[in-house]
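Which chain is which? The protein sequence lines are A and B, in order. Residues 1 to 348 (our numbering) make up the first sequence, in order. Residues 1001 to 1513 (our numbering) make up the second sequence, in order.
A few of these clues could be false.
Cβ-Cβ distance ranges computed for the label pairs, FRET-style [stated by the list, open to error]:
id, chain 1, residue 1, chain 2, residue 2, range
1, A, R234, B, D1136, 33 to 41 Å
2, B, R1053, A, V13, 30 to 38 Å
3, B, G1412, A, I128, 53 to 61 Å
4, A, V13, B, G1387, 27 to 35 Å
5, A, T328, B, R1115, 45 to 53 Å
6, A, V13, B, L1107, 33 to 41 Å
7, B, A1405, A, I17, 28 to 36 Å
8, B, R1337, A, V13, 36 to 44 Å
9, A, V13, B, T1056, 48 to 56 Å
Don't read these hints as lab results, they were simulated from the structure. C-beta: ideal position from N, C-alpha, C; glycine also.
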Amino acid sequence: MIGNVVPAVRAAVFIVIALVLCGVIFEIAGFSAPLMFESILEGAFLRRGALEQALRWGLPMFITALGVVISFRAGYFNIGGQGQFYMGAIAAAFVAEWLKGSPAALVIPACFIAGMTGGALWALWPGILRIKSGADEVITTLMGNFIASLVLVYVTAGPLKDPSGSGQQASSRPLDAAYRISNSIGLSPTIIVIAILTGVLVWTLLNRTSFGVLAGLAGRNPTMVEWQGARVWRIGLASFLISGALAGLAGTIEFMGPNGRLAGGFLPGHGFTAILIALVANLSVVGTAAAALFFGGLASAALFLPILAGLPSAAIDIINAAISLFITAKSGFIDRLANLGKGQWTKS
Amino acid sequence: MILECRNLTVRYGKVTALRDVDVQLEANRIHAVVGQNGAGKTTFARVVAGLVRPDTGDLRMAGAPITAGNVSISRQSGIELVHQSFALPPSFTVAEAMQFGADGGTLFTKKALERRWQAHLDKLDIRVRADRRIRDLPVELQQAVEIARALVSDAKLLILDEPTAVLSPEGAARLFDQVRHLRDRGVTVVLILHKIREVLAVAETVTVLRGGERVAGPLETTQIDSDRLAELIIGSASDELDEEDRAALTGAAIPAHAHASAVSDGAAPVLDMRDVSTLRDSDGPGLESIDLSIRPGEIVGIAGVEGNGQRSLVRTIAGLANVSEGTVGLDGRDVTRKSLADRRVAGLRIIPFERNVEGLSLNSPLWENWSALGLLRKPLFATISPGGFRRGCVQALDNWDVVYADVNQHAGSLSGGNAQKLILSREIDETARLVIAAQPTRGLDIGATAFVWDALRRARARDCGILFVSSDLDEIFDISDRVAVMVSGRIQAVFEPPFEISRVGAAMTGAVQ
């Protein structure tokens, strides 16, 4: 039990420190810190419908974050969730266009399969480059993000362009209402079921299969697993593919649910927030669910910041960045505090 | 007295590495500090060199107190330490490595550096050119350069931590000549050793540490014999060991091989390597025309100075090397082109060289480490019951006497001996046919070492073939039914018992048989 409590407490401490730091910075910059906190609290947690909004933003990020959890556990830093998310959405959009007019019972599953395949394929090439030639996956997946967002611009301005669009922002033709899995508010039983199912499957994969345990071992020490006779490349490639497929699944959900169409550069922070969620959750599936809800809340609060505190809504990105700074820095001070706490716990 | 230590106590967490150690060493002599692994020898050396701050106690150098736990103060007062594992940067030239630790020198040219340090090396009678790269030097010369580096300043007290561990018997003899030479030039030398034979060969006094305490010394080596010294080193544990194991542990005398052999004559070999060569790799030049077979119930020892292809040999049998020629047979089947996974199915088990890298994932729970082999026998996405593996792990760890608190604790929290037992419990199972034991007792204390030997002997009794790689001849002679000596990726010679250290030692240096 203690093993789970300590990381949770640590993550909470990081988040509080990051929020306080942001408060100080905004105060110095001439904004009101109390108002900032109030608007975050109000927007994310207290207002009516806050939970729905947190789920609307949080569930797709949860799914992408699960992909991050799998690849990070296996020791591969696939930070290309954003690109795989886009590629999933794009693949789903093409299939939806292609099957236009077919019954929804055919189109919707086809779109999901296409979306997951698109995401997986976009993670496949960095995976192969990493495993066969040692090319750093941090670089390649990051490059993949830029390429994918340019591809998104191309398809929304080209093959899938909506001719009736205003021209300000290129976007694709809207998805037929029959194929949508939620309205524009963005939450529906379908999405909730998909998220829960994905969560259960990923938990099982990581905790109840050979793959899960071996990937955990390989992530911490690939040499040892190799000496045990494992084909480490299979474990690595599988984790890249699953990770990409999950990001693609999230992209499909965003496309077929809340957005209903592709727009150039939509949800630019999705992949990075997902990485942040996975890190805050210390790569645990249950933790990822909780963290995704929290960051979903923050994302939905973005709209409240300009209204209540006069802050730009991008202030949420600053807060996210501050949290990730603390999480990745793994401040020795906090760790020591945590260890102290651990000592106390085990003594009592 | 050049060095006086009073009441040195060092604790690492709950472990007391040194307890109230008092040692006084006379100037201008050769002193030995002996003890088993875990006796506190290295900690003692590191305290004197200022690398470890003792919890209590103080140090005096030539009568003047020195601040403990400060390397630069220790060095200023003339104390230099040559580490057990070499600390010279492999890509540096000899001259650069020397300059690295020396005072002075602002702008210099490569040539000037080499001239400066060539003179120093010549003065010490170390025959190496200052422009050669460290990585191109044989271990013996690397060590000589380490010693020369330690003497760039005006060292009065030179500590060598286990200097003979990497040397052949001849190399050790040359080192001892060098040490005497230094003593004659006015340097006091402290040798951290663990072989009685070597202590008696070179040292003038000997101090014995056991379990972090000084149990005797400094004693004049002229007034002590090897039996008494062995008793001091091993202590009460000596009752449980037979005479040969005791001798092998302390390097007192070369044990005559008398263990009952379990070799099944006429049985097909479990390992059959024919004319195997491998491509050059990061471990060195690779193997050259290796012929080696191991019969069921036979322990074959691989002797040799480290870095002569032992790692390539192990990797080749494991299927992790590029075999360019020849065939590798395992239990009657040709596995030359088979993966390690297939070889493991055929009964290959490996206790690897690097316990903490190749053997265990230190940041993973014990049960995951233990289960890896079992998990790999299943399809990658098969569902498993972690509870079942945890229970299996508990049972195995209990059978193998592993001291642990919880199967969820990280493998890194185990002591070296317990970590090795965890590996044994995973690798030596009923289906094992060939066990490769690569330096399986390195760094282990007496109890754990004897445990590993017993485990291997039990496996032999069950008709496993065992390849036993070690750089410790005493241990090899004690446990092996046959000894092969490796030099530069070849098998130089094969010996049958009784083994003679002089002949095996000569083979290790590449002398023709």
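Do the hints match the structure? See the list:
no., hint, in the structure
1, A:R234 / B:D1136: 33 to 41 Å, "holds, 38 Å"
2, B:R1053 / A:V13: 30 to 38 Å, "holds, 32 Å"
3, B:G1412 / A:I128: 53 to 61 Å, "violated, 32 Å"
4, A:V13 / B:G1387: 27 to 35 Å, "holds, 33 Å"
5, A:T328 / B:R1115: 45 to 53 Å, "holds, 49 Å"
6, A:V13 / B:L1107: 33 to 41 Å, "violated, 51 Å"
7, B:A1405 / A:I17: 28 to 36 Å, "holds, 33 Å"
8, B:R1337 / A:V13: 36 to 44 Å, "violated, 54 Å"
9, A:V13 / B:T1056: 48 to 56 Å, "violated, 36 Å"
Hints 3, 6, 8 and 9, counting from the list given before, are not met by this structure.
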